[in-house]
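The primary structure of each chain is shown beneath.
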Amino acid sequence: MSLSEKLKERRYQEIWDQYCGFLDLSIEEYMKIQRRLMEEQIQMWSNCELGRSILKGKKPKTIEDFRKMVPLTTYEDYADILLQKRTETLPGNPVIWIQTTWEGGRHPIKLAPYTRSMLDVYRNNVIACLILSTSHERGKFDISDTDKILYGLAPLPFATGLFPLALNEEIGIQFLPAVKDAVNMSFSERNKVGFKMAMQKDLEFFFGLGSVAYAVSLSLASMSGKSGISLKDLVKYKPSMLLRILKAKQRCKKENRPLKPKDLFRLKGFMVAGTDNWCYKDDLEDLWGIRPMELFAGTEPSISGTETWTRNGMYFFPDTSFYEFIPEEDMLKNLEDPSFVPRTFLMDEVVPGEKYEIVITLFKGGAFARYRVGDTYRCVGLQNREDHTRIPRFEYVDRVPNIIDIAGFTRISENGIQSVISLSGQPVTHWTATKEYNENNRPYLHLYIEIERNALISHAVTAEIMKSLLTTYFKYIDQDYRDLKKILGMDPLRVTILRCGTFEKYREKKGKMIGKMSPSPYELKELLELQRG
Amino acid sequence: MQSYGYISIIALFFYCFIFLTFLAAKKEKIVKHFLVLVATMICWTAGSVFMRLQMFPSYIVWYHVSLGGLLMMPYAYFLFVNAFGGREDRFFNRMYGLLLMGLFLINIPKGIFVRWPDLVMRGDEVSFEYRYTWMVAILFGAAAVVLVHCFANMVRICRKDPWYKRQFHPIILGIVCLFAGNLALLVPVFHGFPIDLVTGIVNALLLIYALLRKRLFQLKLLASESSCYGMGLILTFLLYYNLLPDITKQLSSRFPAAEEYTILVFAVLFLVTFWLLVSLWRKIVSNLFVKEEEQQTEKIRKYNNQVARSLHLDEILAETVDIIHETVESANIYICIQDRSGGDYQARYSNQPLNDLSFTIRRDNPLVRILEKCEGILMREFRSMIDYKAMWETEKRNLQDLHIEACISLRDEGNIVGIILLSNPPGNRKLSRGDMDMVLTIASSASIAIKNAHLYETAYYEARTDELTKLLNRKYFFEVLNEEFEKNQEGSLALAIINIDDFKLYNQLYGTQAGDKALRRIAEIIRSSVGDSGYAARYSGKEFAVLLPRYDVFSARNLVKSIQKQIFQMTDTTVDYKLKVLTVSVGISAAPYAAKTPEELLENADMAVNHVKRTGKNGIEIFDTILRENSVRDDVKDHKNIYKEYESTIYALTAAIDVKDHYTFSHSNDVAYYATGLARELNLNPDVVEIIRQAALLHDVGKIGIPEAILNKEGKLTEEEYEVIKGHVEASIGIIRHLPSLDYVIPAVIGHHERYDGKGYPRRIAGENIPLSARILCIADSFDAMTTKRSYKDVIPMEHALEILEEEAGKQFDPSLVPVFVRGVREGRIKMASEAAGKR
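Going line by line, the protein sequences match chains W and R.
Counted the way the working numbering counts, the first sequence spans residues 255 to 787.
Counted the way the working numbering counts, the second sequence spans residues 9 to 848.
Calculated from the structure, these hints are not laboratory results.
Do not take every clue at face value.
Unchecked claim - Label-pair restraints from in silico Cβ distances:
1) Ser548(R) / Lys764(W): 54 to 60 Å
2) Ala717(R) / Arg340(W): 44 to 50 Å
3) Asn693(R) / Asn301(W): 39 to 45 Å
4) Lys483(R) / Leu600(W): 54 to 60 Å
What the hints assert, rightly or not - With a straight-line cut-off of 30 Å between C-alpha atoms, the simulated DSSO-like cross-links for lysine-lysine are:
5) Lys490(W) / Lys310(R)
6) Lys37(R) / Lys455(W)
7) Lys307(R) / Lys262(W)
8) Lys434(W) / Lys459(R)
9) Lys450(W) / Lys168(R)
10) Lys483(R) / Lys339(W)
11) Lys168(R) / Lys434(W)
12) Lys404(R) / Lys339(W)
13) Lys402(W) / Lys168(R)
14) Lys729(W) / Lys573(R)
15) Lys40(R) / Lys490(W)
By construction, the Cβ of each residue, glycine as well, lies at the ideal position given by its N, Cα and C atoms.
All chains, please: the whole structure from these sequences, using the hints.
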């Protein structure tokens with residue numbers, strides 16, 4: 255029986271148990287699910303060509319064997335098989351291939367196969383998110399078959415495009431604009447059309463990347479700010495919406511403030527995904543009058559976690575993948591010395607307060623095993639009195655330090671920055687890059703560079719020139735960076751030229767060079783202080 | 009007045025008839041709006057009649073009723089047309105309603121726009137005198153606006169879907185008549201004659217005609233048969249009640265003699281009318297209230313039109329799945345299409361975009377056999393048939409997992425070209441025979457459309473695709489090149505030509521099959537790397553072209569570098585030994601930087617490739633050499649001398665053979681001599697000659713492991729012993745594979761006991777699939793075995809041995825190599841090994 259039918263029959267308790275029941279699990283029960291599904295996956299994965307190519311003759315029988323025998327993997331380990339879509343070598347039969355950019359990879363894109371069983375799990379978890387986004391307490395939620403959702407994310411072949419398809423298998427929620435129309439539209443077109451439809455028909459849900467949701471929300475305000483609704487369009491408006499628009503405009507005029515989406519819509523649920531969401535959540539809440547619920551999804555891990563009505567920490571779904579956690583200490587050590595093999599801990603071994611890099615093994619015939627997604631989380635608690643859960647709760651911290659992710663939009667790697675610098679042809683001798691936040695809490699990439707002493711006579715190298723040159727080349731090598739400017743209207747680069755010899759001085763003092771990617775704030779502070787001496 | 013009375017009563021009667029008919033229908037939006045339309049007509053006519061009859065309460069009231077009906081009629085048409093065309097004009101729907109109703113209400117108290125007529129009595133004759141002012145224009149102007157808008161909507165609807173055009177014809181005609189009638193009132197000829205009501209009747213007839221042709225809309229019947237008799241009775245009664253005085257009067261005046269039979273005549277007339285009415289009603293009901301299947305027939309007709317127009321397979325499949333979903337309501341629908349070679353049925357399309365389409369129904373599946381006989385079958389019937397017993401468990405489970413409940417074949421003259429699989433509709437409904445029939449109807453038209461589209465797509469695909477690599481072919485590539493060059497005049501366009509180094513050698517070493525496989529792998533790498541950002545084509549036998557719109561030299565080089573690296577790292581995991589590494593020479597040229605025409609672009613890339621070839625292969629050259637790239641070169645040693653380096657290893661191994669079995673040692677040396685002799689006769693590349701020599705020296709290295717007793721046994725070997733001997737080939741490979749640097753000899757060694765006719769061992773491959781080096785070795789090996797003395801046999805003279813070779817050409821030996829070898833020996837260029845060794 256589909257969700258629609260259950261909703262029709264008002265079997266709310268059953269719905270809640272089916273989709274959100276994982277919140278009631280004890281950690282032992284949670285681990286039982288993890289272990290059983292992992293056993294199934296070990297079988298499938300070890301017996302396929304992909305698995306054998308990584309196992310190199312070893313045959314794991316238990317989960318412990320598996321963790322010992324399978325090294326931690328990155329996309330590089332799968333690239334040959336996955337990029338050529340060699341389905342016969344995979345543990346499960348892919349129904350669809352999902353695509354994303356491969357930051358600093360040898361190929362512009364990454365492909366990830368999804369089996370039908372993975373999609374089933376994905377669908378159920380997406381529904382769980384939808385339900386939880388509307389709930390204010392356990393077992394209470396408000397969704398219906400006729401709801402409408404504004405969807406500020408990319409269509410297939412990107413992972414976000416799965417969301418509407420999976421959802422519509424179970425419930426008739428209407429996407430604004432309809433998926434089949436949306437695929438042929440550009441991002442801004444999609445938002446414009448979606449919002450226009452929302453103005454006419456009302457809106458119950460909104461889902462987008464935090465940063466994009468924010469950009470869209472602002473454009474909504476400016477779009478609705480324009481007074482003109484043409485007579486021709488007037489027909490398409492629901493009278494109640496017309497009334498609401500009129501009222502909202504009047505109110506805004508009275509309060510002398512721009513129109514906000516919350517004046518027009520009473521959202522039931524608001525979901526955001528991606529990185530840097532914390533910088534946008536407050537603003538989004540102010541704009542929409544409801545605090546967004548964060549969920550965690552990606553191309554390789556599919557949808558793996560969600561917040562609840564407390565909006566205070568995420569829970570990982572027990573049936574998406576097997577989770578292992580690399581403690582921060584080991585992660586950093588491994589970054590410095592790639593030959594160091596970091597330890598991993600399981601869900602029942604995490605410690606509150608500790609920061610971890612996540613490692614996943616997909617269930618249900620997924621390709622990735624012990625895969626480093628490149629995200630870090632902090633465990634914020636093992637139990638929660640607020641929502642009465644007994645499983646660990648996490649908050650998203652950021653990408654791993656060797657990748658700088660700006661607003662969930664682009665991922666910049668050391669290779670990327672290096673090739674931008676060499677393409678620019680500027681006499682940069684040393685550099686280090688880190689993500690910082692401006693006064694409005696918006697993220698940007700801060701590049702600290704040092705120029706070759708002798709070149710200063712022959713080159714014009716102000717920070718301004720460097721910034722515009724580097725921006726040009728970032729846009730050249732990175733499509734997402736281009737979109738950052740185009741879609742979010744943000745300029746995410748800041749360049750600081752350090753005094754000649756500073757990096758060298760640092761090396762003399764500390765005995766090693768400062769890390770190129772995301773050095774710690776203390777290291778950076780020390781570097782900057784060395785300029786003075 | 010007489011004619012007026014008849015006409016208005018008849019018109020009223022028709023309207024009531026339609027109204028009552030539709031009251032019995034399920035109240036869908038379209039039906040409701042149609043009822044509103046008929047209601048306005050009734051108001052108009054009834055008001056007019058009752059006004060003339062000055063019925064209670066007063067003629068003015070009836071005048072308003074009539075005017076209201078007339079005013080609201082355009083609005084009702086507007087509603088109805090919108091509902092019929094599926095348009096959502098929520099705003100105008102309400103606005104026009106309010107506007108016209110408002111005007112009407114304002115007019116009531118004082119008749120601002122059009123005042124009620126004055127009643128003029130001229131003797132018995134009653135007439136009405138109207139007085140119009142310009143204000144009337146406001147009232148009818150508003151109605152006209154609505155009507156014009158209604159027409160505009162109709163045009164829009166028809167333009168969107170021409171199917172509606174025919175459906176609207178009678179309605180439009182009706183409206184035209186109606187308003188022509190109203191206008192005609194102003195023409196003096198019609199003075200006193202109710203031409204408006206006559207045209208009203210015409211309009212009603214047209215509506216009924218539209219209904220009778222069952223084109224207008226389809227309804228679900230709610231009323232029963234008996235209600236149809238009841239209604240006929242009521243209507244007839246009403247009709248005769250009204251007409252009674254007139255008819256009696258007419259009868260008595262025209263046929264005074266018949267006066268006493270009035271009641272009888274009347275009763276007969278009543279009965280006849282009743283009978284006519286009931287049969288008309290029945291006809292309408294059976295035509296109009298079509299059963300669901302007939303509703304579906306209409307949909308299918310539309311579907312047929314649509315698929316007949318398309319040649320795109322996916323479009324047709326999508327339409328087919330949609331129509332099945334609409335008519336049968338199956339939750340999951342799959343269409344499997346037979347692959348191009350007429351083999352198995354591969355799932356190709358489903359109504360749910362995320363459904364698994366990776367399954368295949370084998371051609372020999374019992375289900376297919378059943379479908380050959382009966383076109384379509386329900387799974388629950390199939391399960392009880394004898395053929396079901398032949399289903400594999402996996403096949404059964406597969407269908408169960410997909411919840412398949414019915415299978416329908418798509419046919420092309422008796423051949424099954426595809427299969428439609430259906431699951432049950434959601435809820436508790438199960439697929440019925442009726443559903444099956446419906447899908448069969450769809451399948452029959454789908455079959456033709458699918459066949460045509462399939463043919464078209466195959467032709468389209470074949471004309472543009474290289475058969476082996478599935479990349480674009482050369483011819484189509486030139487087309488694309490010219491197109492893209494034109495398109496990217498303002499931007500940039502990069503072209504890379506990727507040429508495989510020493511591919512001939514590769515083919516000779518491992519056979520053409522392995523060569524083709526390598527080509528396919530390389531094509532796959534190129535395709536996956538280029539993706540959507542450009543075009544990949546097979547430019548010539550061992551050359552690929554990559555066209556990259558909007559790429560400059562820098563990005564093109566990066567992409568090509570990645571391709572080059574992947575090809576270099578390519579390994580064939582289906583064979584248990586490592587194949588020679590393939591490298592590529594790449595030339596890149598880009599417009600506008602270095603070319604102004606497509607021809608120049610191509611020429612430049614070609615020149616760049618040639619340059620790499622001349623300067624040591626395995627590199628990337630950019631035309632107009634600003635950048636020179638030889639990145640991967642460090643990874644491979646200069647292949648020119650590569651094979652000489654392993655001499656010492658080979659010596660060590662042959663020495664080991666010598667210790668164990670001197671015969672094998674000298675035999676190996678002899679075979680090496682004959683094999684290189686043959687290779688030279690064939691003018692093979694010196695590298696290949698060297699590889700063949702080394703392979704010959706090592707070809708029997710596996711015999712180290714065979715007991716001497718068997719090796720030197722006099723007389724015939726037992727079967728078991730023969731098996732042991734046969735095992736030496738694998739044993740040889742077992743030894744050589746541990747020397748990764750020597751694995752290039754493996755194909756020759758592993759294949760030297762294969763026979764040209766495929767009856768050899770260990771792999772039983774035949775013909776050109778046996779690597780050339782192995783075929784050479786086979787001749788050399790056999791020739792030496794025949795011409796030397798063994799413990800179990802005598803020497804066969806050279807000439808006889810050559811004859812045996814010739815006899816066996818095409819059976820054991822490659823028929824194209826034997827004559828070359830025989831000629832070489834006979835003409836003295838290849839001497840007997842013993843002789844040659846003496847000289848050496």
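We went through each hint and held it up to the structure:
{"no.": "1", "hint": "Ser548(R) / Lys764(W): 54 to 60 Å", "in the structure": "holds (58 Å)"}
{"no.": "2", "hint": "Ala717(R) / Arg340(W): 44 to 50 Å", "in the structure": "holds (48 Å)"}
{"no.": "3", "hint": "Asn693(R) / Asn301(W): 39 to 45 Å", "in the structure": "holds (42 Å)"}
{"no.": "4", "hint": "Lys483(R) / Leu600(W): 54 to 60 Å", "in the structure": "holds (59 Å)"}
{"no.": "5", "hint": "Lys490(W) / Lys310(R)", "in the structure": "holds (28 Å)"}
{"no.": "6", "hint": "Lys37(R) / Lys455(W)", "in the structure": "holds (20 Å)"}
{"no.": "7", "hint": "Lys307(R) / Lys262(W)", "in the structure": "holds (29 Å)"}
{"no.": "8", "hint": "Lys434(W) / Lys459(R)", "in the structure": "holds (27 Å)"}
{"no.": "9", "hint": "Lys450(W) / Lys168(R)", "in the structure": "holds (23 Å)"}
{"no.": "10", "hint": "Lys483(R) / Lys339(W)", "in the structure": "holds (27 Å)"}
{"no.": "11", "hint": "Lys168(R) / Lys434(W)", "in the structure": "holds (19 Å)"}
{"no.": "12", "hint": "Lys404(R) / Lys339(W)", "in the structure": "holds (28 Å)"}
{"no.": "13", "hint": "Lys402(W) / Lys168(R)", "in the structure": "holds (26 Å)"}
{"no.": "14", "hint": "Lys729(W) / Lys573(R)", "in the structure": "holds (26 Å)"}
{"no.": "15", "hint": "Lys40(R) / Lys490(W)", "in the structure": "holds (22 Å)"}
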